[in-house]
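A.B. asks: Chain by chain, the residues:
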Amino acid sequence: MHILVCVKRVPATGARITLTPDAQHIETRNLGFTVSPHEECAVEEAVRIAEAHGGETAVLTLGPAEAEEQLRSALAVGIDRAILLETDGEEWGPRATAAAIAAAIRQQEATGRPFDLLLFGNESADSGGYQVGVRVAHALDRPVITGVKALEIAGGLARAGREGPNGWEVYELPLPAAFTVKEGINLPRYPSVPGRLRAKKKTIEQLSPQRDGAGLRKLRLALPPEEHAEAISLGNGPEAAPKIVEVLRALELL
Amino acid sequence: MILTILEHDRGALDSAAPEALAIAQSIAQQTGSPLAAALVGGDEAVAAGLGAYGVQTVTLVAHDRLGSYIPEAWGCALALLVEKLQPEAVVAAGTDRGNELLAHIAARTGLPLAANVTAVQSGSPYRVTRVRWGGSLLEEAELDGSPALMTVALHTVEPAAAGASLSPAIESFTPELDERAFRVRLVEQAAAREQGVSLASAPVVVGGGRGVGSAEGFTLLEELAALLGGAVGGSRVVTNLGWRPHADQIGQTGTRIAPELYIACGISGAIQHMVGARGSKQILAINSDPDAPIMAKANYTVAGDLHEVLPALIAEIKKAKGL
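Top to bottom, those sequences are chains U and P. Start counting the first sequence at 780; every next residue gets the next number (our numbering). Start counting the second sequence at 8; every next residue gets the next number (our numbering).
In short, the hints are calculated from the structure, not lab data. Treat the hints loosely; a few may be bogus.
[Unchecked claim] Pairs of lysine to any residue residues, derived as SDA-like cross-links and limited to a Cα-Cα distance of at most 25 Å, are as follows:
(1) P:Lys325 - U:Lys997
(2) U:Lys997 - P:Gly56
(3) P:Lys325 - U:Pro1021
(4) P:Lys326 - U:Pro1021
(5) P:Lys325 - U:Val1026
(6) U:Lys981 - U:Arg795
(7) P:Lys91 - U:Arg977
(8) P:Lys91 - P:Gly56
(9) U:Lys1022 - P:Lys91
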């Protein structure tokens, strides 16, 4: 199995988001960076499939030079090699991102082995465009299934399970194929100390992608209005129980 | 023409469809274009019912191999319909399926797509407001492309009212699909695993976070939920620690809940959790830390250890119910 996982560097937001004064970005001065939980699971899934079937895994990201940190995190949990499509740090729209990833995959496959599996997160944590994986699959003429929460590989076929509107559904598709993964498909491991050390020493392949039209252009960000007024305190500790029951009655839940 | 792509099941329109129709109506009003709809796997009764939303033409996409949902085949069929009808905009609800179908249409046609919009201003380019971070941030953006492709963020717009008395023209469209559209096959479909009340539709949700302390600690939450006819959920911490299965996660990468009351126990209130609880009408937070972020986002707060508050509350509810 030759597997490629695509991830995106995003700020690790806590309890509150604040914006930069020009409303173009999240204020990240006091924030760390991470990837979406969906993508953490995609990385873990790639490592598990390679452990079970043998093969080589690669991680790819399109982003600023600092996104090397997210690539090294993936290397630390067992991904074999990493590719950075370095941008100037400006945000690329989903169409341009997908075009650059598809071009990089073509280039990788022209000089090496083709990827049997392309794994993505179902949607990025920050911009949430719900389309990059599907666009890359179409660009490379590969079948794709989104929202995957179970994946089995056997005999050149993949069986991908997911939650549909009417219950659990399983799709079968021939390899090579693309999948967008949802959190819950697995429980990602933590990197080991030797894993971290190995990841530190690895070389990261760098490519300079061409930006291909925007299509969806961010103008500015805004925080949604605060949803409700001051909270009503029902008291402290177990003494609050009768007051809670009053609220339940008022809401006609009791 | 403004084309809405609508989901339906066993003769009923999907519950999110009126939200897509609301945005489509707004664009139709702004542009003076007629409102149209497409349904894959046609049903004349559902089609006729769309007249109530002001839909003038309904296309039933009919094909003997589109009976079960195959994302790529449905997406290709709809992309062909879009090419045929040349609408000014294409709108679907921001459900998993709506986002998946529009992504296929966008990929197939090469058009830009704005997922999860909350407001739209027609023009060249279109101006859209869309949600980021699962709803905790808004983005204003320009959207190129003709047609303008978009999905509507769930639970963010007032659903369209079914008030008009229009009889839409019903047309049929049979796409010519090549074999490649059927590379993905649906091989198994199981009915939803019914385990009492589902998290997504429960009238009361009792959620637990790190403060619950252990998997066993959820027994108290389950007892409370059972007394109120509700469901139990948890934060991402809790599902990552394995105290609850991932299916119980409330949050950006888990389930979106919309109960009358969400009782959040020992949950700090990170934004990734709160976007999953946004649909809650009321939130009661029980937390030993009065400064936890959730205490400022709740309607009602109790400062205290859930291991003391919940037994007292359970006893009080039993008393009230005469149990």
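A.B. asks: Looking back at the numbered hints, which does the structure fail to meet, lowest number first?
C.D. replies: 1, 2, 6, 7 and 9
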